[in-house]
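Number of protein chains: 2
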Amino acid sequence: MKKRYAVGVDLGGTSIKAALVEQGQGLVRETTRPTYAEEGPQQVITRLGDIVEELIEAAPDHEIAGVGIGSPGAINWERTTVSHPPNFPGWETINLHEALRARFGEKLLVFVENDANVAGLGSAHYGAGKPFDSFIMVTLGTGVGGAIIYRNKIFRGATGAAGEIGHMTIDYEGPFDRSGVAGAIEAYLGQRFLSRHARYRLMTRQDSLLHEMAGPDLRDITPKMLHEAALQGDEGAIEVLAWAGHKLGCVLGAAVNLLDIRKIVVGGGLSAAGDFILEPARKTLKRFVMPGMWDGLAIIQETRGNEVGMLGAAHLVFQYLDEPTHAHDPLS
Amino acid sequence: MKKRYAVGVDLGGTSIKAALVEQGQGLVRETTRPTYAEEGPQQVITRLGDIVEELIEAAPDHEIAGVGIGSPGAINWERTTVSHPPNFPGWETINLHEALRARFGEKLLVFVENDANVAGLGSAHYGAGKPFDSFIMVTLGTGVGGAIIYRNKIFRGATGAAGEIGHMTIDYEGPFDRSGVAGAIEAYLGQRFLSRHARYRLMTRQDSLLHEMAGPDLRDITPKMLHEAALQGDEGAIEVLAWAGHKLGCVLGAAVNLLDIRKIVVGGGLSAAGDFILEPARKTLKRFVMPGMWDGLAIIQETRGNEVGMLGAAHLVFQYLDEPTHAHDPLS
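Just so you know, the protein sequences line up as chains A and B, in that order.
So the first sequence is numbered by the working numbering: it starts at 1 and just counts up by one.
So the second sequence is numbered by the working numbering: it starts at 333 and just counts up by one.
Incorrect hints may appear among the rest.
Over the 12 Å line for every Cβ pair with chain B, so calculated as not near, a few chain A residues [to be verified]:
1) Arg-47
2) Ile-165
3) Val-181
4) Ala-242
5) Lys-263
If we take Cβ atoms under 8 Å as the criterion, some of the chain A residues that face chain B in the derived model are [as the list claims (entries may be wrong)]:
6) Gly-90
7) Gly-105
8) Glu-106
9) Lys-130
10) Glu-164
11) His-167
12) Thr-169
13) Asn-257
14) Leu-259
Keep in mind the hints are simulated off the structure, nothing from the lab.
Fair warning: this is a prediction, and the values are worked out from it, not measured in the lab.
Virtual Cβ for every residue (Gly too), placed ideally from N, Cα, C.
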C-alpha cells in the first residue's frame, strides 16, 4: 500500500500542537505554537492555518491527504464546526472546515472532532487501546473528557456529542461541576477541583511534602506535585490520589454497566500518576459493575501521552479514506 | 411485500406470554401460561415449546419464519443461550435455540435476547419509540431493566450485555441493589425497594389512603396501589412517586451525557403511574444533563405496555430476514 499522510492538530486553550502523521506508523514531525486564545477566533484560525502550512511545506515529497483537528467544545454531526469551546473567548460556532478549505483549497480533506474523541481514536490505532476493538477513553486534564470507542470507531450518539463521562453524576447530592451537574466526576477530578480538595485535605497534614512544594498555604498545588510527592512516599499525596481513583472507579462502573465495554484507557495529565490513581480505581470499579460483567474488566494507562490527540485527529482522515461510505461515518 | 409472521415470546418468572406477530402490523394472536419456574428448566422449556406449537398450529395458513424469545438473565453474543436468569431455580446456561430447533426442526429461526432489550426493540418498531431512530429504554418492574436502541437496533456492547441502567450508581455511598452495587437506581426503584421505601415513608402519614389499601402496617404495599392512591390525590403516594421520578431523572442524566441519546422511553409496571413519576423525572433530568445536550431531551411513557416485549422478540426474526449480513448483527 502506498504510504499515506495527514496532519493531526490538537487545538488546546494554551497551545496548538500539530504533527505530520503516517498512517499505521505514527508521528513523522511535530510542531507547537501558543494559542493566544484571548486574541479571538480569527487570530487563532490564522495560526492554526500557519501551523498546518508549516507542516505541509516541510514535507514537499509527501502527499498529504487532509487535516484532522481535535478541539474542545461541541462538534456538529458533519464534523465541520466547533461551538463554544471553553477558554476560547469570542467563539460562537466556527466552521474550521470552511476556513481551512478557503486557505488550502477544496482538495484538502478537513475533519473536526471533539478532543477526547480523537484521543480515544488515537489510542485505538496507535496507543494503549490498540489491542481492543472497543474501549472507554477517559482523559483527566483541566476537565474530565471521555470517548466511547466501539469497534475501532468513535461512537458518536445521536448528534455527535457522546462520551461526556466527565458530567456523569456519582452522587446526586454531590458538589457541582462547571456545567452545573451535581456530583459529576469532573467536580472531583477536574484539575481545579482536585487541587482544591488536596489543599484543604492536606491542611491538617503538616508533615506532607506538599507544604514545601506548593507553599505554606498550599495555594499552588498541582496534580503533578501530588504525583511527585507520592513517588517520595508522601502519605497525604498518596491518599488524595487514591481518593481520586476511588471516584474514578465509581463512574467507570456506571459506564461499564451501561455500555458493556469493559476495557478503559485513562489518559490526560493526571493519568501520569499511574497506579497511585489507577489501582484504587480498579478496586472500586469491580464494586460498581454488576458481577455478570466482571470478566475482562481492565483499566489501562495511556502510554503515548498527549500524542494520541494528534494521532487520532490525523486518523479521522485515514478512516474516511478507508471507508468513505461506512454507515457509521456521518460523511457517507 | 409478502406478509411475514414470527412468534414472539416473553419469558417471565411468573408467566410465559407469547404472540403471533405480523411484521410491521403487530399482534395477531396472543396466549399465556404460568411459568412454574420452580419445576426447573426442562419443564419450562417444554412449556415454552408447547406455547409456540399452540400458536403455530392455530395459524396453519401462516408461514412462520421463526421464534424470538425475550428472557431475563445474561444472553450470549450469538443469541442462543440464557444464563442465570434471576428467579429461575436450577438454570445455569440453557441453550434455548438448540432446544427449540430440536423440537421444531432446523428450518425455524430462533433468537434469544435480554427482556429489556426486546422491549426496546418492540418499542422502536411498534411502540412509543417508533418516531425515534435512537432512544434509551427503561423498564420499571421487579428490577430496573434498560436497553440502548441505536439507529433502530439494539446496541449490544462488547459481549451482548449492554444497557444495564438498573445497576448504574447515582450515589456511591447509597443503598445496595441485588447485584451489590451501592446507590444503583434499582436499589431505589426496584419493586421491593420502592415498596419498602413507601412503607416506611408513609408510617408517619396516618392520613394516607395506603393504610386502607395495604393494611395498617403497610406490609403489602405495591407500586400499583401508589398509583391508585395518587390518582385520588393522596399526598403521601404522590410524594413517593415523585421521589422515585427524581431518582430516575438522575440516572437518565448520566446515561444521556454518556450516550448523547436524548429520547427516553419508560415502560414496565411502574411506568403506568405516568406523569406522577415521569414529570419529576423530566425536571430532574435537565439538572443532570450538561446544557449542551438539553436540546431535544424527552421522557416518554411506553403506551403498548408489556406487548412491546413480545413484539420486539418477534422483531428479532424480521430484522435478521431483512439484514442477515448487517455488520451490527452478531449472526452475520
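Comparing the hints with the structure gives:
{"no.": "1", "hint": "Arg-47", "in the structure": "holds (26 Å)"}
{"no.": "2", "hint": "Ile-165", "in the structure": "violated (6 Å)"}
{"no.": "3", "hint": "Val-181", "in the structure": "violated (6 Å)"}
{"no.": "4", "hint": "Ala-242", "in the structure": "holds (14 Å)"}
{"no.": "5", "hint": "Lys-263", "in the structure": "violated (8 Å)"}
{"no.": "6", "hint": "Gly-90", "in the structure": "violated (18 Å)"}
{"no.": "7", "hint": "Gly-105", "in the structure": "violated (32 Å)"}
{"no.": "8", "hint": "Glu-106", "in the structure": "violated (30 Å)"}
{"no.": "9", "hint": "Lys-130", "in the structure": "violated (16 Å)"}
{"no.": "10", "hint": "Glu-164", "in the structure": "holds (4 Å)"}
{"no.": "11", "hint": "His-167", "in the structure": "holds (4 Å)"}
{"no.": "12", "hint": "Thr-169", "in the structure": "holds (5 Å)"}
{"no.": "13", "hint": "Asn-257", "in the structure": "holds (4 Å)"}
{"no.": "14", "hint": "Leu-259", "in the structure": "holds (5 Å)"}
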